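A.B. asks: This is what each chain is made of:
There are 2 protein chains.
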Amino acid sequence: MLERMFDPNAVAVIGASRKEGKVGRAVLENLMANGIENIIPINPNDSEILGLRAYQSILDVPKEYNVELAVIVIPSKLVPGVIDQCGRAGVANVVVISAGFKEAGVEGARLERECVEICNKHGIRMVGPNCLGIIDTGSGLNATFAANMAHKGSIAMMSQSGAICTVALDWADRTNVGFSKFVSLGNKADLDENDFLEFFEKDTSTRVIAAYLEGVKDGPDFIRIARRVTRSKPVVIVKSGRTSVGSRAVSSHTGTLAGSDAAYDAAFMQSGVIRADSLIEMLDLSRAFSSYSLPKGRNIAILTNAGGLGILTADACSGAGLNITSFGESTISKLRNILPPAANLYNPVDVLGDASADVYAHALNTVLADENVDGIILLVSPQAMTDVTEIAEKIVDIIGGSEKPIMCNLAGGTRISEGEDLLQKNGIPNYPSLERAVASMGALCTYHSVRNRKYDQPVKSKSIESRDVADAFIGKAISNRERILGLESIDILSSYGIRVVDSRIVKTLPEAIVVSEEIGYPVVMKIVSPDISHKTDVGGIRLNLRHADDVERAYNSMMSDVHRYMPEARITGVQVQKMISGGKEVIIGMNRDPQFGPLLMFGLGGTYVEFLKDVSFAVAPIIMGEAKHMVSSIKTYPLIAGVRGETPSDINSIIDTLMRVSQLVTDFPEILEFEINPLMVMEDGKGCVAMDVRFTIDVE
Amino acid sequence: MLERMFDPNAVAVIGASRKEGKVGRAVLENLMANGIENIIPINPNDSEILGLRAYQSILDVPKEYNVELAVIVIPSKLVPGVIDQCGRAGVANVVVISAGFKEAGVEGARLERECVEICNKHGIRMVGPNCLGIIDTGSGLNATFAANMAHKGSIAMMSQSGAICTVALDWADRTNVGFSKFVSLGNKADLDENDFLEFFEKDTSTRVIAAYLEGVKDGPDFIRIARRVTRSKPVVIVKSGRTSVGSRAVSSHTGTLAGSDAAYDAAFMQSGVIRADSLIEMLDLSRAFSSYSLPKGRNIAILTNAGGLGILTADACSGAGLNITSFGESTISKLRNILPPAANLYNPVDVLGDASADVYAHALNTVLADENVDGIILLVSPQAMTDVTEIAEKIVDIIGGSEKPIMCNLAGGTRISEGEDLLQKNGIPNYPSLERAVASMGALCTYHSVRNRKYDQPVKSKSIESRDVADAFIGKAISNRERILGLESIDILSSYGIRVVDSRIVKTLPEAIVVSEEIGYPVVMKIVSPDISHKTDVGGIRLNLRHADDVERAYNSMMSDVHRYMPEARITGVQVQKMISGGKEVIIGMNRDPQFGPLLMFGLGGTYVEFLKDVSFAVAPIIMGEAKHMVSSIKTYPLIAGVRGETPSDINSIIDTLMRVSQLVTDFPEILEFEINPLMVMEDGKGCVAMDVRFTIDVE
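Line by line, the protein sequences are chains A and B.
Under our numbering, think of the first position of the first sequence as 154, with each following residue one higher.
Under our numbering, think of the first position of the second sequence as 154, with each following residue one higher.
It cannot be assumed that every hint is accurate.
Cross-link-like lysine to aspartate or glutamate pairs, in silico, DMTMM-like; alpha carbons within 25 Å at most [to be verified]: (1) A/172 <-> B/507; (2) B/175 <-> A/511; (3) B/737 <-> A/767; (4) B/578 <-> A/326; (5) A/175 <-> B/507; (6) A/175 <-> B/543; (7) A/839 <-> B/543; (8) A/230 <-> B/507; (9) B/688 <-> A/511; (10) B/660 <-> B/684.
Hint data in this document are derived by calculation from the structure and do not stem from the laboratory.
These numbers were taken from a predicted model, which means no experiment stands behind them.
Use the sequences and the hints to build the structure in full.
C.D. replies: Laid out in structure tokens, this is it:
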């Protein structure tokens, strides 16, 4: 259906105008300038605008025109009525350029909701409101008021900011970068990024999808869709509001609740989306994907006429995880024949400052032919003898015939500009810095791995006994309006197949001894009190109790210590736990992100989490590969994987626990926050044990 | 003296040529093109070149010319002889452009040494060899074979790569950035970065010093000089070879031994040098320093006609440690009068997409006048109604009259290029991305703090008793060719005023008991054996021994355990130490960097150092402020500073220990590596105790 929006049989401009400076005129002119047929201006006061027959209302347009798109540029308060007219006239797609909706306050938000309701009633799909419009370079549709028309190309771009659309179009005009489709999403009242991801996925003229987003509307759907789309096409997104400052700016700009940046990072990672750090990077990477085939691996050659640039590029490659490859022997001997004796034949190849275009071309072809080379970073500095333009001519020929990506950085200004233009006229990017060339190569390699990623579907853990225990605890918490559940609710974990520490709460010393005997020594005792949060500080924890005498002594001294430190504290009991030793403490947590829902966290216990923020995140439900990645991607992973001959911890049991927690928090949206702290991980093969748990329940 | 090199009474070109394509012609033409008088070509075969009277040899030039600079462009093997002639002719400065020296192999290196010896004999100062030459835009001297002449400006740039000089000159030509002096350092056989730092420091036409370096020749001198120079002028350096891959490329390029990147980071930080991450960033930052006054603080305003760009800029500012300031009330009310109702009056200010140049100018002036604003990031997107050129005109006027820096990002391509040219024609940078504008603002703020930094001189610690103990230990190690000194040498630390654990080595159980009584319980016992490195693994450590019985039991069981685990191990004794508990373990280390000498390291003990690389570095000798910074800049600093009501550790005693270690490793260059591990830090006021030590001594 969206196909018709971009290639309509006829397009109506509601609010078309002949007045200079009016958006209604700019849209009409843009449509006319690009050779679209059947453009119908709608304006109650005119019967002809810019030579086109105009109608007073969309309802007056003869049916045989078959209007498939209406572009609306009228004051916001009139928009709902006009959309309703579109519906009655059988127009299935509208682009609402008009502002004055959600972004403008309460009344605008009401108008926007009304528009959506009317759209839904008629089955109309709407872009906007508050947008720049849409472009399709294939059909020649330019339904925007932008000053630039996009060039033809294979990038489909969408943007939540109309102004950023104009920046991208203007940049692309200067660098000769082309688009297939261009969508200004505006307020995303109806159609949003998820709809266009799916549309661009099937669009044969689109090779790469780019987006500027301030937030996503439906996080879980986004992950599901993007995960599929990225299998066939790279998706590059710059998401603003990374920092708390930026995120406040987002919410004042569009009223979007930004969600946490960690959740976006996790969601993008899980769905194979390539996250760009800046608008320029998004444009760079999109251009790279539209210009080059994917390299087969990360083995990169550097070719330069300036040793210094070669070194800087080697540094940048190393930082981007690219491998400075070694050449085969025949490459070296060929280079030796081509290059002067002082040249460096090894990677980075330095053809020297006086290299002619022919020498450059020979060297480039030689390196390109080496099977150890997956891609090339080509640097040219404008030295006294360097004919940059002639070198650029050779580069154009060679890149035209190459399957391997060759990223160019003609470095400088005045003397490289002709060569730069030549490259760009031929659809070859000239990256303005070597770092940008390297980053683009890195993204190509990254996407190569994304595409080869195996996805297993999230599956229900087999050994989960039942939801009943959790149902009961959570139900009771809600009816009692108890927000926090602690250790007493640990059976929820057991019922999800997570091993928990043997632990009971007792009220008296004799009881403590009986329970200790049952649990089996050694045991640990902890004071239980609603008033004491840091038990250690008041002497409220006793470890390693090995027999009844120990228990008795510890019980009595603990009680007297606690009374001495906090005489007012209400003591509700003493917890007796099996003492678990020899394990490593890890933490599994979850909180609910407003955009993406349950965000799982994993990290090593204690200071690692608290000060070093050495944690990993993933949006639940997770698949096995993601659980593995969560565990292995923390910096302290070596500590649990086993270092210096130490026995490795039971990583598989952590992964299993993560999968079960993922299941639990997915099953129960009422769980707002969750933490197993610590989860004690034993040596490999011996599992792990949840020592304590804390739920925050949505009791409202 | 170097003044005469850049503004010589007469300049001789030795190897001048009339042949097209020869470097000897290019140099001559460059000199002639810029209106220098008294240019004297030297060529044995010509009496006239390009209309100038030529001489066969420098010795033939009449004395009255007073040649103060000779530029040498002849085959390398002839260079030493010619420099000798220069000396005899009384020429005090030479620039050797010729290649074929150290970079070309053993014979070249010998020639280079010969040149230096001859220079020294005659008191000649030499730039190069293997360089592009030098430029002084003040005197009009262009003694290079570069295709571009530098524009006049206030950046003094030096570069270890001639090709990178050409990139910088060509970039500057396109962006209208000017230089005061320009030096291609080449092989730095005589004059190096330190000489030019000192020269540029005093050069009144220079406001900022920029450098591309692959290494520094004399690290300690560099720190001393740069520390002084950065008090008056910003120094921006891009140092290549950050990564091991890049660093290998450096050494194959120039034969420079790169030294560790951590040492460069530390040295730059200690001397106030601003390290740029890329060539482009170095150029950006230099341009910023040459174009703007320093802001008084980090309070930044953002002004935009595109909300999305405002958010991205807020993100970038936050990442760069800049504060998105709050405006005063009068600013808000003035903005309310100027801007349409839908505009955002708060920072980031959004003047909206249809803002005219006048609106932009009003808003900019209003924000500029706010005393809470130290600097402005100004963004312009080329929207349909935006007259970018007119806005640029207003910007030029306003920036011309402003003390506060206003960094511009006209974002886009085609439609902003006229405005961009207009800015640049007026010496105002247009940053090609908002991130680059923000990074430049950040650098200005950083330098503002550098200039306000207080330096105390490194002083000898007062309470150091004597060098005698260290002399004795190290002397003995050298004569016995023992590279490693362990705990037995801990008295070296005591003699430098560092408290050490009370510890003795015993051979028998009765001895162990006697020593334990003397030291005072509780004690620790450790096996001493050259064959056992991980004592814990073989049961070779016993903790918390509280009386003679404990010692007896532990001694016997330790011996039997060790015999069982490692029956072949030679046991040389048992170490009895005072048991220290309640402290936190930190590590102080040192290794000798080839460039900078003793590089101190500080970090928390154990996994923090090993896996998280949570350590800080500084080049010794350090001053108090640097020792403080070393301690406070690790991520785990809160763990020792005291968190959640815990008693803070004795930070001052760590700082004191660092100062003493700095002194020790400075006094004894024979100490190649050094580690106190652990240094046990007690609670605040109670000091710290070195528990073990390890020296690696240079015994060769």
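A.B. asks: Now tell me, hint by hint, if it's right for this structure.
C.D. replies: Taking the hints in turn, this is what the structure says about them:
no. : hint            : verdict
1   : A/172 <-> B/507 : holds (16 Å)
2   : B/175 <-> A/511 : holds (20 Å)
3   : B/737 <-> A/767 : holds (21 Å)
4   : B/578 <-> A/326 : holds (23 Å)
5   : A/175 <-> B/507 : holds (11 Å)
6   : A/175 <-> B/543 : holds (20 Å)
7   : A/839 <-> B/543 : violated (73 Å)
8   : A/230 <-> B/507 : holds (21 Å)
9   : B/688 <-> A/511 : violated (65 Å)
10  : B/660 <-> B/684 : holds (17 Å)
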